[in-house]
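Asks: Sequence:
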Amino acid sequence: MVLADLGRKITAALRSLSNATIINEEVLNAMLKEVCAALLEADMNIKLVKQLRENVKATIDLENMPSGLNKRRMIQHAVFKELVKLVDPGVKSWTPTKGKNNIIMFVGLQGSGKTTTCTKLLSLNSYTEMDPVIIAAEGVEKFKTENFEIIIVDTSGRHKQEDSLFEEMLQVSNAVQPDNIVYVMDASIGQACEAQAKAFKDKVDVASVIVTKLDGHAKGGGALSAVAATKSPIIFIGTGEHIDDFEPFKTQPFISKLLGMGDIEGLIDKVNELKLNDNEELIDKLKHGQFTLRDMYEQFQNIMKMGPIGQIMGMIPGFGTDFLSKDNEQKSVARLEKFLTIMDSMNDQELDNKDGAKLFSKQQNRVQRVARGAGVATRDVQELLTQYSKFAQMVKKKGGIKGLFKGGDMSKNVNPSQMARLNQQMAKMMDPRVLHHMGGMAGLQSMMRQFQKGASGNMK
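Per my numbering, the sequence shown starts with residue 2, numbered consecutively.
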């Protein structure tokens, strides 16, 4: 995601505070200059950037600030708060009502991603009627009679100058009487979408916004800030062409991930959604220092179930700016899928052996057989076994419950209160005995960095 560049620049500006011996007006102004420059490069509205700077300056009174307060932390909090305000219109988003028909109409410019977004939100059957108003009215009526709770209406693309198409959009709106009108905004046009958003807002009652194409354009910041033009909340963002590249938008977690601070609640939700089976068998094996290829296979499958790796890593503090690259994510997924394919070609004896790497080392014919079965080179099998050995070493380490989040980049962008809360939440989310034997989140971080390092190497 190109917005990760914005996050890196803002994070670098905030980290400059740590290099300053004394926090004074000169240091504060220099930091704000870097933050504002980064926002302007992301095509943020200059008025909004100016307002952000003025608000931070008004909040931080260095001369009258009590000596006991952490000035660096206060400044970081003020910047974070203002960034959240940039993308938060302060209006609660519409939510469907259970037990009744909920009609949602999508509007937006041609090519902004409306139709793709509709399919991401809900799959719709095609319809061959020529009159769009009849299509919408009859379709909605059919779904009402079939008691569908969510009904999505897509409209043809239109430019703000095309009065005839706007008239059609108005007719469709009058015909279906939507409960929620969603404006689909193309992030690639940056600040220009403010005028477009106002034009749509003048014609129909836009209640929600979805921003698409946030993965490949430097002007995403301008598009996000332009949401103020509609006074409507962003409900989802599209970060790619695939069906999984679509996520709910929450202002604070979004800014938190942008700055590499993670999204703890989002990570907890993702893991809870997996509904993992009982861990007793795995815990028992870990107690005896055992970690088999089958265990690694199951953990890789769990990672795949959680969704795009870039999204998951972005939720972990310290990972955000390193894992949001689409190129890195694609390489990681390809490598993960190759490893799963290789292990699919192994038999039970190989998967359940207490030290699978040694078994293959002693009997090289097994490597050749598995490579043939998986359709890969023998070096790929050896690479998997090398990775397994490294993972097994990490898993066998006992980091201790109190040391779960020590070490690595995990703690750089998380304040002590966040760290304590993360500790408590992770204890609820996962069996602490599993985390204990995995070396905690620091062990997970080290494991994933090793995996990423391998993914950026020889991809065949």
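Check the hints yourself; a few may be wrong.
Claimed, not checked - Simulated pairs of lysine-lysine, DSS-like, Cα-Cα distance not exceeding 25 Å:
{"hint": "1", "residue 1": "Lys121", "residue 2": "Lys145"}
{"hint": "2", "residue 1": "Lys48", "residue 2": "Lys202"}
{"hint": "3", "residue 1": "Lys391", "residue 2": "Lys339"}
{"hint": "4", "residue 1": "Lys339", "residue 2": "Lys355"}
{"hint": "5", "residue 1": "Lys339", "residue 2": "Lys251"}
{"hint": "6", "residue 1": "Lys82", "residue 2": "Lys10"}
{"hint": "7", "residue 1": "Lys199", "residue 2": "Lys51"}
{"hint": "8", "residue 1": "Lys51", "residue 2": "Lys82"}
{"hint": "9", "residue 1": "Lys86", "residue 2": "Lys101"}
{"hint": "10", "residue 1": "Lys332", "residue 2": "Lys82"}
{"hint": "11", "residue 1": "Lys34", "residue 2": "Lys82"}
{"hint": "12", "residue 1": "Lys10", "residue 2": "Lys93"}
{"hint": "13", "residue 1": "Lys48", "residue 2": "Lys232"}
{"hint": "14", "residue 1": "Lys202", "residue 2": "Lys86"}
{"hint": "15", "residue 1": "Lys391", "residue 2": "Lys332"}
{"hint": "16", "residue 1": "Lys251", "residue 2": "Lys99"}
{"hint": "17", "residue 1": "Lys199", "residue 2": "Lys86"}
{"hint": "18", "residue 1": "Lys121", "residue 2": "Lys51"}
{"hint": "19", "residue 1": "Lys86", "residue 2": "Lys48"}
{"hint": "20", "residue 1": "Lys34", "residue 2": "Lys48"}
{"hint": "21", "residue 1": "Lys145", "residue 2": "Lys101"}
As the list claims (entries may be wrong) - Label-pair ranges, simulated between beta-carbon atoms:
{"hint": "22", "residue 1": "Gln369", "residue 2": "Glu147", "range": "51 to 61 Å"}
{"hint": "23", "residue 1": "Lys145", "residue 2": "Gln253", "range": "34 to 44 Å"}
{"hint": "24", "residue 1": "Leu171", "residue 2": "Ala38", "range": "36 to 46 Å"}
{"hint": "25", "residue 1": "Asn366", "residue 2": "Arg295", "range": "16 to 26 Å"}
{"hint": "26", "residue 1": "Asp6", "residue 2": "Glu55", "range": "36 to 46 Å"}
{"hint": "27", "residue 1": "Lys99", "residue 2": "Ala38", "range": "16 to 26 Å"}
Bear in mind the hints are in silico, worked out from the structure with no lab data behind them.
Ideal Cβ placement from N, Cα and C applies to all residues, glycine included.
Asks: Can you name, in rising order, the numbers of the hints this structure does not satisfy?
Replies: 5, 9, 10, 12, 18, 26, 27
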